[in-house]
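Undergrad: Chain by chain, the residues:
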Amino acid sequence: MEEVEQISVFSENKPGKLKRVTEILKEKGINIRAITIASSNSYGIIKILVNNPLKAYQALKEKGLSVALIPVLAVEIEDKPGGLSKIAEVLKEHNINVEDAYGFVIQSHNKAVFIMKVEDIKKTRLILEGENIFLLTRRDLYEI
Amino acid sequence: MNQNSNIEFISRESLEKLQLSRLKETLRRVYSFSPFYKNLFKKEGLTPSKIKSLKDLPLIPFTTRKDLRENFPYGLLSIPLNDVVRLHTSTGTTGKPKAVFFSRNDINSSAELIARSMKMTGAEKGDVFQNMMGYGLFTGGLISHYGAERLGLLVIPAGAGNTERQIELMFDFKTTVVHITPSYALYLADVMEEKGFNPKKDFNLRILYLGAEPYSEKTREKIERIFTVDAYNSYGLSEMNGPGVAFECKYKEGMHLWEDNFIMEIVDPSTGEPLKEGEEGELVLTSINKEAMPIIRYRTGDLTYIYPEKCNCSRVHRRISRIKGRADDMLIIRGVNVFPSEVERILMDLPEVGRNYQIVLDRKKDLDKMKVRVEIKRDFFDGSLDHLKKVEIKIKAKLKDELMVTPEIELLEPSSLPRTTGKAKRIIDKREI
Ligand SMILES: [Zn+2]
Numbered sequence: 000m001e002e003v004e005q006i007s008v009f010s011e012n013k014p015g016k017l018k019r020v021t022e023i024l025k026e027k028g029i030n031i032r033a034i035t036i037a038s039s040n041s042y043g044i045i046k047i048l049v050n051n052p053l054k055a056y057q058a059l060k061e062k063g064l065s066v067a068l069i070p071v072l073a074v075e076i077e078d079k080p081g082g083l084s085k086i087a088e089v090l091k092e093h094n095i096n097v098e099d100a101y102g103f104v105i106q107s108h109n110k111a112v113f114i115m116k117v118e119d120i121k122k123t124r125l126i127l128e129g130e131n132i133f134l135l136t137r138r139d140l141y142e143i
Numbered sequence: 557m558n559q560n561s562n563i564e565f566i567s568r569e570s571l572e573k574l575q576l577s578r579l580k581e582t583l584r585r586v587y588s589f590s591p592f593y594k595n596l597f598k599k600e601g602l603t604p605s606k607i608k609s610l611k612d613l614p615l616i617p618f619t620t621r622k623d624l625r626e627n628f629p630y631g632l633l634s635i636p637l638n639d640v641v642r643l644h645t646s647t648g649t650t651g652k653p654k655a656v657f658f659s660r661n662d663i664n665s666s667a668e669l670i671a672r673s674m675k676m677t678g679a680e681k682g683d684v685f686q687n688m689m690g691y692g693l694f695t696g697g698l699i700s701h702y703g704a705e706r707l708g709l710l711v712i713p714a715g716a717g718n719t720e721r722q723i724e725l726m727f728d729f730k731t732t733v734v735h736i737t738p739s740y741a742l743y744l745a746d747v748m749e750e751k752g753f754n755p756k757k758d759f760n761l762r763i764l765y766l767g768a769e770p771y772s773e774k775t776r777e778k779i780e781r782i783f784t785v786d787a788y789n790s791y792g793l794s795e796m797n798g799p800g801v802a803f804e805c806k807y808k809e810g811m812h813l814w815e816d817n818f819i820m821e822i823v824d825p826s827t828g829e830p831l832k833e834g835e836e837g838e839l840v841l842t843s844i845n846k847e848a849m850p851i852i853r854y855r856t857g858d859l860t861y862i863y864p865e866k867c868n869c870s871r872v873h874r875r876i877s878r879i880k881g882r883a884d885d886m887l888i889i890r891g892v893n894v895f896p897s898e899v900e901r902i903l904m905d906l907p908e909v910g911r912n913y914q915i916v917l918d919r920k921k922d923l924d925k926m927k928v929r930v931e932i933k934r935d936f937f938d939g940s941l942d943h944l945k946k947v948e949i950k951i952k953a954k955l956k957d958e959l960m961v962t963p964e965i966e967l968l969e970p971s972s973l974p975r976t977t978g979k980a981k982r983i984i985d986k987r988e989i
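Chains A and B, in that order, give the protein sequences. Count the first sequence with our numbering and you get residues 0 to 143, in order. Count the second sequence with our numbering and you get residues 557 to 989, in order.
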């Protein structure tokens with residue numbers, strides 16, 4: 000199964016970087032599913048989910064940006080109170096350390112997607128699936 | 557052994573004898589011809605005949621950059637103007653440049669020092685020398701060119717800049733030897749990689765001469781690794797007729813300063829008092845083999861020390877250490893002395909750090925702020941903010957430990973700082989005095 004991949008772009012916190020990134024992607028006909036920014040005081044990372052991660056990665060790299068392609072887990076949760084707590088419990092139970100996480104909502108489906116970066120992605124997948132937690136595939140993400 | 561290489565291995569005694577006779581001749585000429593020196597000697601109640609041994613040299617006052625500027629253009633000229641065949645100017649930062657004149661013999665003797673230096677590092681007939689020093693008013697380009705031709709190398713007068721053409725020339729003509737500034741060498745490697753070349757394997761380079769700006773031992777190692785070459789440090793200045801004043805031999809431990817052409821002293825930069833071998837201070841040079849414009853006891857502004865021990869190569873000419881910085885480059889940050897070259901040494905030691913950096917100084921509420929902007933290495937970025945933060949903390953701690961000043965660190969993308977083809981602009985001082 001193909002893992003969902005996130006695009007991470009190094010960004011100096013100066014205006015224009017985000018615009019530049021989205022423009023490059025637009026030019027290549029790549030659709031952005033979600034975008035979030037994590038930042039420290041003078042620099043940050045733009046995290047993007049797109050419908051074609053590899054193409055996005057290559058396009059950004061070609062333009063000289065510092066970019067990384069990172070496999071992540073995309074968990075579908077119901078967009079209602081408590082949706083996340085079950086996942087949190089399972090992760091805690093199995094001692095899985097989440098290095099990075101963020102969520103976004105799919106308006107049309109009334110569903111929320113929770114993106115996680117963990118150390119051992121395969122092991123975590125097996126554990127979550129064992130607990131009947133639904134993980135999105137690349138295709139699922141494209142077709143949102 | 558021919559006569560030219562002989563001079564490198566004569567006894568200390570013979571060398572000093574030669575120095576004294578050349579010094580005396582030089583003093584006679586400047587005294588009788590240069591209005592500046594005539595005046596200077598008169599003010600001190602001196603005549604050339606009072607200088608009887610090398611020990612008497614400190615009786616003569618220093619010549620400073622200010623003297624050169626104030627007596628611009630002909631004040632230090634020591635031969636008739638119609639015997640001058642060349643004018644160079646030195647890259648001045650402010651005000652009038654310094655004019656330097658050459659007689660035909662001066663061109664030859666300066667070229668000879670370059671030929672001697674290149675030969676010392678193993679360059680020979682059959683080598684292809686691509687000279688990336690700026691041609692024109694700067695002495696670095698033309699004098700290196702003449703020296704290399706004198707040694708019989710095939711010279712490509714590429715000059716500075718136009719990086720893509722440089723790479724093309726290096727590739728097409730299998731360049732083996734390059735004279736280059738360290739910052740440009742790093743930039744060149746960057747562009748090679750961007751163009752899909754492997755700097756280690758796709759070229760025939762074997763010797764690099766680095767000079768014209770201060771840099772650290774770490775930078776040399778980095779450059780040697782990137783290109784798999786031997787990189788030799790060199791030292792020169794226009795006021796002393798160009799790039800061949802001191803060069804490293806194959807042992808790469810300090811630069812042999814050609815004492816048959818120059819008398820060197822090391823002095824305390826603030827008091828001008830002489831310092832001993834091994835003590836760090838400002839280099840003072842007297843040119844003793846120049847006709848058109850010899851300079852006596854010139855305050856170079858460059859900080860170095862003389863190696864007290866003899867080099868393994870057994871050359872008689874003593875060695876100076878790599879230039880730590882210019883006496884007037886030293887930054888004073890909250891009362892602490894900081895040399896940009898120290899910052900560079902520390903940064904280049906960190907594997908996550910790329911090839912370019914910049915120091916920005918500012919003053920907020922009467923407090924000096926030092927910000928170091930660092931490009932991270934291209935293959936280091938893995939998309940993790942955590943890793944970036946760790947690198948930031950590591951750089952900060954390293955600099956703080958060694959400099960006693962806590963800088964602010966700004967991480968930058970590779971190749972995001974303004975690139976340079978000549979001397980790098982590493983320091984931006986926004987503090988108002
Ligand atoms: Zn030696």
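Hints in this document: simulated from the structure, not taken from any laboratory. There may be inaccurate statements among the hints.
[Claimed, not checked] Under 10 Å between C-beta atoms, here's a sample of chain A residues computed to sit facing chain B:
| hint | residue |
| --- | --- |
| 1 | Q5 |
| 2 | I6 |
| 3 | S38 |
| 4 | Q57 |
| 5 | S84 |
| 6 | N94 |
| 7 | G102 |
| 8 | D119 |
Computed from a predicted structure; not experimentally measured. Ideal placement from N, C-alpha and C gives every residue a C-beta, glycine not left out.
Undergrad: Next step is simple, just say for each hint if it's right about the structure.
TA: These are the hints, each one checked on the structure:
no., hint, result
1, Q5, "holds (8 Å)"
2, I6, "holds (8 Å)"
3, S38, "holds (8 Å)"
4, Q57, "violated (15 Å)"
5, S84, "violated (25 Å)"
6, N94, "violated (19 Å)"
7, G102, "violated (17 Å)"
8, D119, "violated (16 Å)"
Hint compliance for this structure: hints 4, 5, 6, 7, 8 are not met, and every other hint is.
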